[in-house]
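Engineer: Read off the chains here:
There are 2 protein chains.
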Amino acid sequence: MARRAKAGKLVAGTAAYSDSDMFKSPQAFNYPKAKRWDHLLSPEAMARKPCALKQAATYLKNPGVLSLGGGLPSPENFPIESLKRSEITISKHDIRDKDAVYDLSVALNYGQAVGSAQVLRWVTEHTELIFRPPYSDWRCALSIGSTGRLESALRLFCDRGRRDSLLTEEYSFSTALETIAPLGINVVGVHVDEQGLLPKNLDEILSNWDESARGARKPTVLYTVPSGQNPTGATMGAQRRKDVYDVCSKHDVYIFEDEPYYYLQMPAYDKANSAAKPGAVDTSSTQSTDSFLQSLIPTMLSIDVDGRVLRMDSFSKIIVPGSRMGWVTASEQIIERYIRHNECSSQGPAGFSQALMYKLLDETWGHEGYLRWLMHIRSEYTRRRDALLDACEAHLPKEVLWLSVDHTRHPHAGQKTILELEEEIFESCIERGVLACRGSWFRAERDVEPTGLFFRTTFAASSQADMDVAIQRFGQAIRASFGI
Amino acid sequence: MARRAKAGKLVAGTAAYSDSDMFKSPQAFNYPKAKRWDHLLSPEAMARKPCALKQAATYLKNPGVLSLGGGLPSPENFPIESLKRSEITISKHDIRDKDAVYDLSVALNYGQAVGSAQVLRWVTEHTELIFRPPYSDWRCALSIGSTGRLESALRLFCDRGRRDSLLTEEYSFSTALETIAPLGINVVGVHVDEQGLLPKNLDEILSNWDESARGARKPTVLYTVPSGQNPTGATMGAQRRKDVYDVCSKHDVYIFEDEPYYYLQMPAYDKANSAAKPGAVDTSSTQSTDSFLQSLIPTMLSIDVDGRVLRMDSFSKIIVPGSRMGWVTASEQIIERYIRHNECSSQGPAGFSQALMYKLLDETWGHEGYLRWLMHIRSEYTRRRDALLDACEAHLPKEVLWLSVDHTRHPHAGQKTILELEEEIFESCIERGVLACRGSWFRAERDVEPTGLFFRTTFAASSQADMDVAIQRFGQAIRASFGI
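Just so you know, the protein sequences line up as chains A and B, in that order.
If you count by the UniProt record's numbering, then the first sequence holds residues 1 to 484, one letter each, in order.
If you count by the UniProt record's numbering, then the second sequence holds residues 1 to 484, one letter each, in order.
Just to be clear, a hint being listed does not mean it is correct.
Treat identical chains as interchangeable: a pair holds within one or across any two.
Each computed BS3-like pair below joins lysine-lysine, with the alpha-carbon atoms no more than 30 angstroms apart [claimed, not checked]: (1) 49 / 218; (2) 35 / 218; (3) 6 / 98; (4) 49 / 6; (5) 242 / 6; (6) 98 / 317; (7) 242 / 33; (8) 49 / 33; (9) 250 / 218; (10) 218 / 242; (11) 277 / 200; (12) 200 / 35; (13) 33 / 218; (14) 9 / 416; (15) 277 / 9; (16) 242 / 35; (17) 33 / 6; (18) 9 / 98; (19) 49 / 416.
Note that these hints are calculated values from the structure, not bench results.
Turn these sequences into a full structure, and let the hints steer you where they fit.
Structural biologist: Take a look at the structure:
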């Protein structure tokens, strides 16, 4: 108690760095240090590298640095004000005392790895209502966060000992790549355009695969984010999804469809009618849920006649990341194997999360209410996206979120590598007080030299005013580097 | 909505089985089934077997079957009555509005894989107050449930490609064994007595290891549950822990110390003074926390001068299983690698769990209050243990919880194998309306014939009256099989 009093109030905001040394007593450091265990650690453990996005957070310790970096949602959009608000009260014996369907006596005890029946029912119904898989033996299972279930899915289908390969967008989500690498899986980048994966390039890679030249088996899995792909922002249209599916079917490639941004599909940016303009009209509250659903591109699960897709749904971007709960949908065979793995790993999402999300999704909102929430949150993000693009229009020559910088026009092009230019601009951004993610963090194939100079920015967390200042600083850093 | 109305109220109690087929529409089954993917699944995925304890729950569907099987805590002992009770109210902006240390705007956003600083502080302080590791660079990290962190720890230290081996009690926790097996790790059972692991046998195994005869590397890791070992109930005394540690040190074996039952160390059963007797006096509320702590055997972490122990602490048995939150303590090197893995898997416990457990552990109880809760819960379990042993005294010839049946006295001994006798008694128990776990589910080395006939019973969940009836039924099943 004395130590706590001396330390003063703990100030630790969102994703604040901490370690035990910050909380141990001075006396704890009087002992000698532990032995080292390099000779016992596994190749997988030794191969792990720090998470680029979590490391990037350390730059935010510098006072005044504005973040266009990590995609942390703004708490203003969390639909939970307090764990005491009346509609999400849940008590120990509600089943016994109030004829309820779910209560803490069940939710806080051990459960099944597939998740509780109460929540599984809701996600199954949602999946059928919206995605309608066109084969009969599909099933759902609850999952912990997106990264954890990707790890599980990778271990289901990929094996270091078989020299397995996995396909993904040539620029792919950095944490996904960091999850794949220590498992010893060979990653193959597929070329993309503004609609994401190019089916022709996918087919070329698979048709011309030379196992001995590549030192790896022909790829058997595609990992893709079809909507709002991270980091490029690309969204595949319906025909593109069908074409990619057909190439996978031709080569018997299994598909991991990771869709955290599915419900955030936005109308194209229209400078003249920016949703961030003062007085812009928000139609999300008057639109019908049917017209909302019709505006969404069908998922790959919805065209999956083979049962070839493991679809991953998430609440992180549209409700809260802190539930660490989502779900997967696939054929019975795959879900059964997935559950077996869950039983020997996470054992499913936390009971606190299942209890509170059930109250919100099923008893408070219901399916209709959830769709209305999604319409609201899509409109919120559209406003933020437009604010960022307005700032890009005002302060930058380019206007895409996945900021492509024409390195060939740099005065030191040819003398410095793209990675050196990228580092120079990144450091210059930090000095000017803005954090943007380096494109190289997202390269699928790390041992190949990049051919373009990119930065990823996000509109998830910052206010409109901050985004304007941040993009201004970013533009200054580019101009200073290019001497223009 | 019509389908839900037709289905009626969902009745799904603790760990109820469910799958999506229960919640899909009849039309969903009109499509053909998915393809099968055996040719793509990994060896690890193919090797997974169903969890014995979760499968055992299916027997509980039979009306009237009493469970001595799975160790599900009784919800009567959950210290959370409602998520609305005043002392665990937490709101979105408590840091900003109420000068609080933690709030939902932080807890429900993305966090660090080590856990939030707020909760990490509490577990670090608790670790230092109670366990006092005797080296300087120890650290803690939050973990998801015990199974998930065991999987992580296994992947840190063991590798199929190196043909790694792991030591454990010859009868070990079935879910732990099921977690180890698909990873291709060779499991070696160490003989035990009523104090658990026998250091002499441990030393013999390690000293006489013949890599080519065993087809596996000399073991580098020991997985042990020193207190209330599952399933034998054995607790290592202080000297035994020291002796085991010394053998590990001699052979450079790393130790996973899994301690979910550490605070449930009970006084020896005294038939004449059973805590389950009407009018038995509960001294837990008047005892001092110092005398409680002195009654506990020091942990292996507390004698760990090498930093050779990865200690695993859990709230599942002493608060609620549904937090899916615990913590690990080890040297900085190992915790750093553990965090790297967390970043690419669970990303740490759910924010809902961290928020609510913080409010309970730190703001409601504090360290002193938590110890008082532990004293209370230990007393609760002592009463239940004594009730089970009273029932064994009344209805069975033997009086240990890990029920050892003398198979040599069975009339068919020699004609039937131990596994056949075990199955016969198990089925007879189910017929008579009692579920006890088969000892063979816990065998460390599955390919070796068992030499003893065992059943595991638990006193965690049932009422005193039910335990009496359940043990009576178990005794009848034994007597019927033996014809006595």
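Engineer: None of the hints should be skipped; say for each whether it holds.
Structural biologist: Now for the hints, and whether the structure bears them out:
no.: 1; hint: 49 / 218; in the structure: both (26 angstroms within a copy, 28 angstroms between copies)
no.: 2; hint: 35 / 218; in the structure: between (42 angstroms within a copy, 20 angstroms between copies)
no.: 3; hint: 6 / 98; in the structure: between (48 angstroms within a copy, 21 angstroms between copies)
no.: 4; hint: 49 / 6; in the structure: neither (36 angstroms within a copy, 52 angstroms between copies)
no.: 5; hint: 242 / 6; in the structure: neither (62 angstroms within a copy, 36 angstroms between copies)
no.: 6; hint: 98 / 317; in the structure: between (33 angstroms within a copy, 27 angstroms between copies)
no.: 7; hint: 242 / 33; in the structure: between (58 angstroms within a copy, 20 angstroms between copies)
no.: 8; hint: 49 / 33; in the structure: within (23 angstroms within a copy, 41 angstroms between copies)
no.: 9; hint: 250 / 218; in the structure: within (13 angstroms within a copy, 46 angstroms between copies)
no.: 10; hint: 218 / 242; in the structure: within (22 angstroms within a copy, 52 angstroms between copies)
no.: 11; hint: 277 / 200; in the structure: neither (40 angstroms within a copy, 77 angstroms between copies)
no.: 12; hint: 200 / 35; in the structure: between (53 angstroms within a copy, 25 angstroms between copies)
no.: 13; hint: 33 / 218; in the structure: between (47 angstroms within a copy, 26 angstroms between copies)
no.: 14; hint: 9 / 416; in the structure: neither (47 angstroms within a copy, 68 angstroms between copies)
no.: 15; hint: 277 / 9; in the structure: neither (40 angstroms within a copy, 48 angstroms between copies)
no.: 16; hint: 242 / 35; in the structure: between (55 angstroms within a copy, 18 angstroms between copies)
no.: 17; hint: 33 / 6; in the structure: within (26 angstroms within a copy, 65 angstroms between copies)
no.: 18; hint: 9 / 98; in the structure: between (41 angstroms within a copy, 13 angstroms between copies)
no.: 19; hint: 49 / 416; in the structure: within (26 angstroms within a copy, 54 angstroms between copies)
Comparing the model with each earlier hint shows violations of hints 4, 5, 11, 14 and 15; every other hint is respected.
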